[in-house]
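With the hints as extra help, turn the sequences into a complete structure.
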Amino acid sequence: MSDPQIELNILAIFSHPDDAELSVAGTLLKVKSLGYRTGVADMTRGEMGTRGTPELRAMEALEAARVMNLDVRINLEHPDGHVWPNEESRKAVVRIIRSYRPRVLMTTHWDDPHPDHANTCRIVREAARLATMARYDAETGQQPAKMPALMHSIYSRLVIPSFIVDVSDFVEEKMRAIKAHASQFY
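Under my numbering, the residue at position 145 of the sequence shown is numbered 1178, and the numbers go up by one with no gaps.
With a straight-line cut-off of 27 Å between C-alpha atoms, the simulated BS3-like cross-links for lysine-lysine are: (1) 1065 - 1179; (2) 1063 - 1212; (3) 1179 - 1124; (4) 1212 - 1065; (5) 1179 - 1063.
Because the hints were derived from the structure by calculation, they are not lab data.
Take a look at the structure:
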């Protein structure tokens, strides 16, 4: 479910299939209801999880994307449990930023205790800046992107949010998107 010709208003980049649903599905649903174009990019296929195969998790992610009415759902297929802020990861994210040209990037908070989550945050932050540099990864022929705004979701009660989005009207749809990942939430 990808169309590299579409420009997104908001792109959520998270580590595993189901992370965006747990973190920002309500916000994505709300902005979608206002007419904005939304997408999710998963860094991994979630293959280190104790339940579900990568193939099943991919089908669940597509069902969740349908529930959230996403314009784009892609998977970068980095190895689960081994998301590292290296050149390969940064280039992959730079390329999707340049393809979809989001105005806002959503990702996890840098203090998330899961190593894949914290590393995804770092990759997204670095790639957002690198995507603006014309000479970075120039061999792709992609044009540099404008620096998107960065929004971080939080799991920890120790982090005080700078703003909160009221998603009360979208709780049922958010729960349906989460439950689409039936292998993880049963």
